[in-house]
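Which chain is which? The protein sequence lines are A and B, in order. Residues 1 to 310, numbered by my numbering, are exactly what the first sequence covers, in order. Residues 311 to 601, numbered by my numbering, are exactly what the second sequence covers, in order.
The hints are simulated quantities; they were obtained by calculation from the structure and are not laboratory data. Treat the hints loosely; a few may be bogus.
Cut-off 20 Å, straight-line C-alpha distance, at most; resulting in silico cross-link-like pairs (DMTMM-like, lysine to aspartate or glutamate) [said to hold, decoys possible]:
#: 1; chain 1: B; residue 1: Lys435; chain 2: A; residue 2: Glu132
#: 2; chain 1: B; residue 1: Lys435; chain 2: B; residue 2: Glu422
#: 3; chain 1: B; residue 1: Lys435; chain 2: B; residue 2: Glu464
#: 4; chain 1: A; residue 1: Lys302; chain 2: B; residue 2: Asp375
#: 5; chain 1: B; residue 1: Lys435; chain 2: A; residue 2: Glu36
#: 6; chain 1: A; residue 1: Lys302; chain 2: A; residue 2: Glu39
#: 7; chain 1: B; residue 1: Lys441; chain 2: B; residue 2: Asp479
#: 8; chain 1: B; residue 1: Lys441; chain 2: A; residue 2: Glu132
#: 9; chain 1: B; residue 1: Lys441; chain 2: A; residue 2: Asp117
#: 10; chain 1: A; residue 1: Lys302; chain 2: B; residue 2: Asp366
Far from chain A, some chain B residues (derived; all Cβ distances over 12 Å) [as the list claims (entries may be wrong)]:
#: 11; residue: Arg335
#: 12; residue: Gly361
#: 13; residue: Gln379
#: 14; residue: Ile390
#: 15; residue: Asp392
#: 16; residue: Arg398
#: 17; residue: His413
#: 18; residue: Arg437
#: 19; residue: Val452
#: 20; residue: Leu482
#: 21; residue: Thr507
#: 22; residue: Glu527
#: 23; residue: Ser558
#: 24; residue: Gly564
#: 25; residue: Ser580
#: 26; residue: Ala582
All C-beta atoms in this analysis are idealised placements derived from N, C-alpha and C, irrespective of residue type, glycine included.
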Amino acid sequence: MNTQANTLRESSMESPAAAAAIIPLSRRMRWAVRRELWENRSIFIAPLAVGGLTLLGSLISMVHLPAKMRAAMSLDPVKQHELILQHYFIASGVMMLTTLVVGIFYCLDALYGERRDRSILFWKSLPVSDLETVLSKMITPLLILPLVAFGVAVIVQGIMLLASSAVLAGSGLSVAMLWTHAAVLQTWPMLLYHLLTVHGLWYAPVYAWLLLVSAWARRAPFLWAFLPPLAIVAVEKIAFNTSYFWEMLVNRVIGGPGGEDYMANSLSMDPLMHFKPALFFISPGLWIGLAVATAFLVLAIKARRSGRPI
Amino acid sequence: MPCIEARGLRKAYGTTIALDGVDLRVEYGRILGLIGPNGAGKTTALDAILGLIPYDGELKVLARDPWNQREQLMRDVCFIADVAVLPRWARVSHLLDYVAGVHPRFDRAKAEGFLAKTSIRRTSKVRELSKGMVTQLHLALVMAIDARLLVLDEPTLGLDILFRKQFYDSLLNDYFDHNRTIVVATHQVEEIEHVLTDVMFIDRGRIVFNRSMDEVEARYTEVMVRPERVPEARGLKPIYERPSIDGSVLLFDGIERERLAPLGEVRRPSIADLFVAVLSGQGGQAQGGVQ
Chain A
1 MNTQANTLRE SSMESPAAAA AIIPLSRRMR WAVRRELWEN RSIFIAPLAV
51 GGLTLLGSLI SMVHLPAKMR AAMSLDPVKQ HELILQHYFI ASGVMMLTTL
101 VVGIFYCLDA LYGERRDRSI LFWKSLPVSD LETVLSKMIT PLLILPLVAF
151 GVAVIVQGIM LLASSAVLAG SGLSVAMLWT HAAVLQTWPM LLYHLLTVHG
201 LWYAPVYAWL LLVSAWARRA PFLWAFLPPL AIVAVEKIAF NTSYFWEMLV
251 NRVIGGPGGE DYMANSLSMD PLMHFKPALF FISPGLWIGL AVATAFLVLA
301 IKARRSGRPI
Chain B
311 MPCIEARGLR KAYGTTIALD GVDLRVEYGR ILGLIGPNGA GKTTALDAIL
361 GLIPYDGELK VLARDPWNQR EQLMRDVCFI ADVAVLPRWA RVSHLLDYVA
411 GVHPRFDRAK AEGFLAKTSI RRTSKVRELS KGMVTQLHLA LVMAIDARLL
461 VLDEPTLGLD ILFRKQFYDS LLNDYFDHNR TIVVATHQVE EIEHVLTDVM
511 FIDRGRIVFN RSMDEVEARY TEVMVRPERV PEARGLKPIY ERPSIDGSVL
561 LFDGIERERL APLGEVRRPS IADLFVAVLS GQGGQAQGGV Q
């Protein structure tokens, strides 16, 4: 009904002024994201492939599952928990690593590839601003990749859990112990939280830096992305014999706000180790990172604006 | 208000001056040919008009400032800058969907109609299409946009003659009407000559010639003069002279045809000949200045 009314209204207004109809920003952004998914199928394919391989590995390991569970019964609860959930930790950890790698390559190519294949001239012939373009490319690592990783991880862990239960039931063992430890209904929301906060927000300055390099570099964006930070580290070490910059980078990539070791934690599915939103959202590290990310994005938009085919 | 108006448009890349104070004015409903040798500043001028590069001087396109209002401008302007800029990974259906999704003036049915006349399949990827087909696809997308200004920069470069001819034919027959304005930059003059209403020559960043085709027709005459009458013909001060198989071809500016007819066969000069005459005339003047 609504659409019909709109169409009627649009077609009845034939004057040039009325024809300057504007497509709402939300719709343009939806198409921009869709466009990214068409171009970068690795956003789906890489997590799916990694998820598939993880699943294959875990199915093969199920030969030993009944023996493992019997051994686990004699252990204390903490060790039991670790042993039983080992594969689940690996499954989600590998998925997060995949997200990071895909995100890095995606960002480096996002604004470089369109200049290299000259398609920037086509994109710029459409009424889409450079701001929207750069933001739509930032949405991919910030939101799309974590959501895809979450979806695939849930499917993979779900199948692992069901298959394990079937194997255990088949060999006459109780599945209760498995389900108590692998409390997925509790851990999945935590996984989602972790992906959106750490892989999205905490890594934002990393992705924004890569987008800036991608918008600006005339060649070898990979080298431009990684060599200058390393050069700063080297200069700092030689000049002042300190390594604050290096520590900051390490903290950004594998640490977290408040210096927690996120890489180690992310392998764990223990909800209590992750779920510290208060700590996360008041940490200066997060907000400084977001400010730096914004600055990089502003520069990337500026670079995109005068970007020419190379 | 004209469609495009520039005053003192300048652009320098480092020490290279690409546009050296260009003044131009293009009214609505014209088809302007921007002709110039490679590196003359054609693409730079069009880039400025399309808001792709910053510039010095005054420039208004559809009463807008292109550099600061590119995305608004692109609702009313479309362009094909160079062939083969469609993303190679995209499917034909993706491009139709996307342009329909973001462009308020895109008529999808119209684009599908243009595509139906070609052998382009909707499921093909751009990388699977031949160069000619990519151009057809791009043209189908652009012609389905109800724009007021269409800018083409060497749109047929690298295409074979058949596609080049089709390209301009469909532009004229299926697209152009007197509410639209088209600017075409090329150095292949012959193939667009017959579609133009105005012609502009650009050389070393300056507009060196700017006339409507009607004016060109009225003012310029080319005469095939047999060798024995050449001295007499030179007395009428031709702006250019070139040898031909049986005599010389002399180009005159503003001499009545009746005075020229006795000298030999009179005809309308081609834009290419006029271009050579005007540009070598420029060169001559520059040299004269140096000596």
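Looking at the structure, which of the earlier hints fail to hold? Going through the list in order, the structure violates hints 1, 3, 6, 8, 12, 13, 14, 15, 16, 17, 18, 19 and respects the others.
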